[in-house]
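So the chains spell out like this:
2 protein chains.
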Amino acid sequence: MDYEKLHLNNILNKMENDDYQGYMLTLFTNIEYISNYKPTSFAFCIIKENPIIYTSQMDMEIALKNSTIEIKQFDNFDNMVDDLKKEGIKNLAIEPSLTYNIYEKFRDDFNINSKDYIEKERMIKTPAEIKNITKATEIAQLSLKQLDLLNRNETEDVIAFELVKLMIENGSSGESFDTILTSGSPSSLPHATPQAKQLETPILVDWGSKYKGYCSDNTRTIVYTEKEHEIFDIVKESHDKAIKAIKPGLKCCEIDKIARDVIGEYGYEKNFIHSTGHSLGLDIHETPSFSLKDNTIIEKGMVITVEPGIYLEGEFGVRLEDTISIENKGKIIGNLSLNL
Amino acid sequence: MDYEKLHLNNILNKMENDDYQGYMLTLFTNIEYISNYKPTSFAFCIIKENPIIYTSQMDMEIALKNSTIEIKQFDNFDNMVDDLKKEGIKNLAIEPSLTYNIYEKFRDDFNINSKDYIEKERMIKTPAEIKNITKATEIAQLSLKQLDLLNRNETEDVIAFELVKLMIENGSSGESFDTILTSGSPSSLPHATPQAKQLETPILVDWGSKYKGYCSDNTRTIVYTEKEHEIFDIVKESHDKAIKAIKPGLKCCEIDKIARDVIGEYGYEKNFIHSTGHSLGLDIHETPSFSLKDNTIIEKGMVITVEPGIYLEGEFGVRLEDTISIENKGKIIGNLSLNL
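Residue numbers (numbering that gives the first Met the number 0), protein chains in the order written: chain A, 0 to 339; chain B, 0 to 339.
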């Protein structure tokens, strides 16, 4: 199936309903999603009756090879504006993350508003996308098993590096984000950086691989002391209850509440300092999120993480994360136990 | 010396001259540059009489530990707007790369314009910054020597990975961008991805390490055939002439022209498909650039790459890159020969 064309048609329909004649994308993953060409420098994709991508001279070879959309070499903004005006574009939608300096180049010639057509389209994954996320997850989980974390004597940064190496050897193109492999008190930082120090307890690893452009994301925490076990059990209860509750029709914030309430019952609400989860796909963070403020209705085809955590500053942190594919209910992708 | 304070004062002076009461930064490296705290999630830094950073709950621990600027936990945009209005901010400058969806949150309450105060400030590196870039370069170049590229039998992707591993073992925090280690015909793509294939000729490696947040950037090409040698010599001449010409007072575009003219003399102008160089620092791409359109005057303290290349589609590419510290003239950072 030609999913690029399907996505494109869905977006064109929404544009027509809202009376936009053009929709400008610059994020590399948005352009890749719609055209199969991922820019390496800069590019402007204009979705319109005859979609086009203006790209850099240095990307012309790869763009012409990969893109399902017409490619033109970017010259300057004036010529691009002229092209678009000649085609009768008056109302121009832009992606919400377009940078201000680019917006400035177009605001005098078009009626501009930001629209999340592409984010909405990317929320619902096709079977091919879910297959890639699943493969990325399987590679990441297999690699963690092979890493044999319980029997390593190197420092955190070296072990983190070995994990990435295993993911590449197992067929991924690399890590889907900077691997978090931390231990001891720095594990109370949700985004800790691996250090040049020996492992302490607990050991927290938050890692993922990329496969055909798609990301995976998991977290495991290996606990040792009685208190670490106590916190682990609460986080596990939160993780399990939230995943069990997931089903199409609920709001995303309802899942956040379920995860948060478990942690609150034990008196640790203030120590759960981030959202319960985020979508992923070509990017490691996509919408919607399992967060307090996200009222998005859960739908089949979404892929969202569940990753409650408890962070005790100066002591340690515990987080457990799985990636959930939404079918009739939530299905965990991969099969790595929470207890390593 | 307290450079964060120096940078801050320079920017505050410019703001006062232009009658801005606040200047909003969201780019992680901009915030790190001004405060010594690098966000891991999202943050809003407002430079004003009493500068402040609004950050995420999950970053509070690390922000309070590292920042030289007051930290407040981000709650919501309405409260932030109220805070800023109460302080008498009417004219709000923003960084050019602020995203449109953030701009939208502030445009109704402030007179907003984008200003490149921070990019301008970051153009001129302090001795401490140049020391970090130099250290990053030395680590990267030492690692390439240790890699012994001429005697490797693995595939491109594995060799690229080993190079990154060496850089980490040699004291860097990792690669400063995705390592380009390519060979054979894909070397005609300036941003080629290492593949799971044996090395062919020529071998092109474009790599860099990070040290204390600062980037390095070099490219070497190892040539074998007569034609590869012929192209190499032209690129080398372009590289050498451009570097020799660098001095404060010239325009950046003049250096681009010198590099480009050499390649043009041999009839390959159409095969030099990118700018001659870019600045680097906390980011791998900063301003100014040695490019056709950049009229910035070269000043002491700038650090800019020179990286001419010739790309023959379907055949191969050659690029040679060094990073130049601008003193009374251009000084190459590092000492790795162009002939490996």
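Keep in mind the hints are simulated off the structure, nothing from the lab.
Keep in mind the model is a prediction, meaning the values are calculated, not measured.
Hints are not guaranteed to be accurate.
A pair holds if it fits inside one copy or across any two, identical chains being indistinguishable in the list.
[Stated by the list, open to error] Here are the simulated lysine-lysine pairs, DSS-like style, with alpha carbons at most 30 Å apart: (1) Lys196 with Lys246; (2) Lys84 with Lys211; (3) Lys240 with Lys164; (4) Lys256 with Lys104; (5) Lys269 with Lys235; (6) Lys84 with Lys114; (7) Lys130 with Lys330; (8) Lys269 with Lys64; (9) Lys250 with Lys64; (10) Lys292 with Lys64; (11) Lys89 with Lys13; (12) Lys84 with Lys240; (13) Lys235 with Lys330; (14) Lys37 with Lys196; (15) Lys134 with Lys104; (16) Lys84 with Lys292; (17) Lys37 with Lys47; (18) Lys211 with Lys196; (19) Lys13 with Lys226; (20) Lys104 with Lys47; (21) Lys89 with Lys269; (22) Lys164 with Lys134; (23) Lys104 with Lys250; (24) Lys164 with Lys196; (25) Lys226 with Lys4; (26) Lys37 with Lys164; (27) Lys292 with Lys71; (28) Lys226 with Lys144; (29) Lys134 with Lys144; (30) Lys71 with Lys269.
Checklist entry - Which of the listed hints are broken here? => result 1, 2, 3, 9, 12, 15, 19, 21 and 25
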